[in-house]
Amino acid sequence: MFILDSIPNARELGGYTLPGGRVVKHDLLLRGGSLNGISDDDILLLREKFKLKKIFDFRTGTEVRMMPDREIPDARRFWMPAFNEETMHEEKLALPHGAYKDLGGWLVEHASLKSTQEVARKMYTTMVTNEFTQIQYAGFLQNIVGTADGAVYWHCSQGKDRTGLAAAFVLAALGADRDTIMKDYAISGEYYRKDLDLYIDRVSSPEEKAAMRTFISVNCDYFADALDEIDRKWGSMANYLSGPLCLSDDDMDIMQKRYLE
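At position 233 of the sequence shown (counting the first as 1) the number is 233 in the working numbering, and the numbers step up by one without a gap.
Calculated from the structure, these hints are not laboratory results.
What you are looking at is a predicted structure, and each value in this text was computed from that prediction instead of being measured.
Glycine included, each C-beta is placed from N, C-alpha and C at the ideal position.
Take the hints with a grain of salt, since some may be wrong.
What the hints assert, rightly or not - Taking lysine to aspartate or glutamate and the EDC-like style, the derived pairs with C-alpha atoms no more than 16 Å apart in a straight line are:
no. : residue 1 : residue 2
1   : Lys209    : Glu118
2   : Lys209    : Asp221
3   : Lys53     : Glu71
4   : Lys54     : Asp27
5   : Lys209    : Asp197
6   : Lys51     : Asp74
7   : Lys114    : Glu207
8   : Lys54     : Asp74
9   : Lys209    : Asp195
10  : Lys25     : Glu261
11  : Lys49     : Asp149
12  : Lys54     : Asp149
13  : Lys183    : Asp225
14  : Lys53     : Asp42
15  : Lys53     : Asp149
16  : Lys122    : Asp221
17  : Lys49     : Asp74
18  : Lys51     : Glu71
19  : Lys122    : Asp42
20  : Lys49     : Asp69
21  : Lys209    : Glu109
22  : Lys54     : Asp69
23  : Lys183    : Asp221
24  : Lys53     : Asp27
25  : Lys92     : Glu118
26  : Lys257    : Asp149
Claimed, not checked - With beta-carbon atoms standing in for the labels, derived distance ranges:
no. : residue 1 : residue 2 : range
27  : Lys194    : Asp253    : 35 to 45 Å
28  : Gln256    : Asp102    : 35 to 45 Å
29  : Arg65     : Gly139    : 14 to 24 Å
30  : Leu198    : Gln256    : 20 to 30 Å
31  : Ser112    : Arg258    : 43 to 53 Å
32  : His89     : Gln256    : 34 to 44 Å
33  : Asp179    : Asp40     : 16 to 26 Å
Using the sequences and the hints, build the whole thing.
As structure tokens, this is what we get:
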């Protein structure tokens, strides 16, 4: 399931069985956390086993400056911030920068605030409805379509939220149903279970615990809210892919021929 020892939450989409019986090919569609601390052994693995060709970084400029990715020879890097950092902070749609220096400790102190709970509750729905974010994911998908060989790797910091939505869109384009999309998102919770366990009992109310799950691990209810929002506003995931994410039927056909067996 997890493919690299030194990268947080690094795994692949290969092996999922989709409606109709086709299976996602192994070793091509990789997702995970920051490449800042990647080991030399894992760099070699990405080069030799996966033949990595492209890296997509959904982090903000601040995150990139604080923890720059290590270079992976032969892989082209694309910086595609999943949201406009300045706007998100001005509109109080993101946690303050200082929160991430000790996220668990910060949440213990601030998860009781309505503002923290609101950011957690709206995080995924904000991303799927935000035009700037849609443009980034549209560009990401077009780059996937244009990758003729080798693997691609997309990531944020923890490899679960911005990365999780990107995985949802890739899976949907390949023909995955909602259950498969939710299953893939939830796997991040297995990776971050120990991190969550360190802090979850230090907050009390359901709202505080929900915020803690969102930022440290996964919150399937809030992620599902974003998928519901897509259905409400665009009628279906298919309409969302062809509308805001600019993915044509021909694009999806290319992806399915490339990534399914």
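Tested hints:
1. Lys209 - Glu118: 13 Å, holds
2. Lys209 - Asp221: Holds, because 12 Å separates the two Cα atoms, which is no more than 16 Å.
3. Lys53 - Glu71: 12 Å, holds
4. Lys54 - Asp27: Measuring from Cα to Cα gives roughly 13 Å; hence the hint holds.
5. Lys209 - Asp197: This hinted pair holds, its Cα atoms lying about 11 Å apart.
6. Lys51 - Asp74: Measuring from Cα to Cα gives roughly 9 Å; hence the hint holds.
7. Lys114 - Glu207: This hinted pair holds, its Cα atoms lying about 9 Å apart.
8. Lys54 - Asp74: 9 Å, holds
9. Lys209 - Asp195: 13 Å, holds
10. Lys25 - Glu261: 6 Å, holds
11. Lys49 - Asp149: 13 Å, holds
12. Lys54 - Asp149: 10 Å, holds
13. Lys183 - Asp225: Satisfied, since the Cα-Cα distance of roughly 15 Å is no more than 16 Å.
14. Lys53 - Asp42: 15 Å, holds
15. Lys53 - Asp149: 8 Å, holds
16. Lys122 - Asp221: 11 Å, holds
17. Lys49 - Asp74: 13 Å, holds
18. Lys51 - Glu71: 14 Å, holds
19. Lys122 - Asp42: 35 Å, violated
20. Lys49 - Asp69: Violated. Lys49 to Asp69 sits at ~20 Å, over the 16 Å cutoff.
21. Lys209 - Glu109: 12 Å, holds
22. Lys54 - Asp69: 13 Å, holds
23. Lys183 - Asp221: 12 Å, holds
24. Lys53 - Asp27: With a Cα-Cα distance of about 12 Å, the restraint between Lys53 and Asp27 holds, given a limit of 16 Å.
25. Lys92 - Glu118: 9 Å, holds
26. Lys257 - Asp149: 12 Å, holds
27. Lys194 - Asp253: 35 to 45 Å: Given a distance of about 42 Å, which is inside 35 to 45 Å, the answer is holds.
28. Gln256 - Asp102: 35 to 45 Å: Check passed, 43 Å falls within 35 to 45 Å.
29. Arg65 - Gly139: 14 to 24 Å: The hint (14 to 24 Å, Cβ to Cβ) holds, given that Arg65 and Gly139 are roughly 21 Å apart.
30. Leu198 - Gln256: 20 to 30 Å: 41 Å, violated
31. Ser112 - Arg258: 43 to 53 Å: 47 Å, holds
32. His89 - Gln256: 34 to 44 Å: Distance hint for His89, Gln256 holds at roughly 39 Å.
33. Asp179 - Asp40: 16 to 26 Å: 38 Å, violated
Of the numbered hints given earlier, the model fails hints 19, 20, 30, 33; all others are met.
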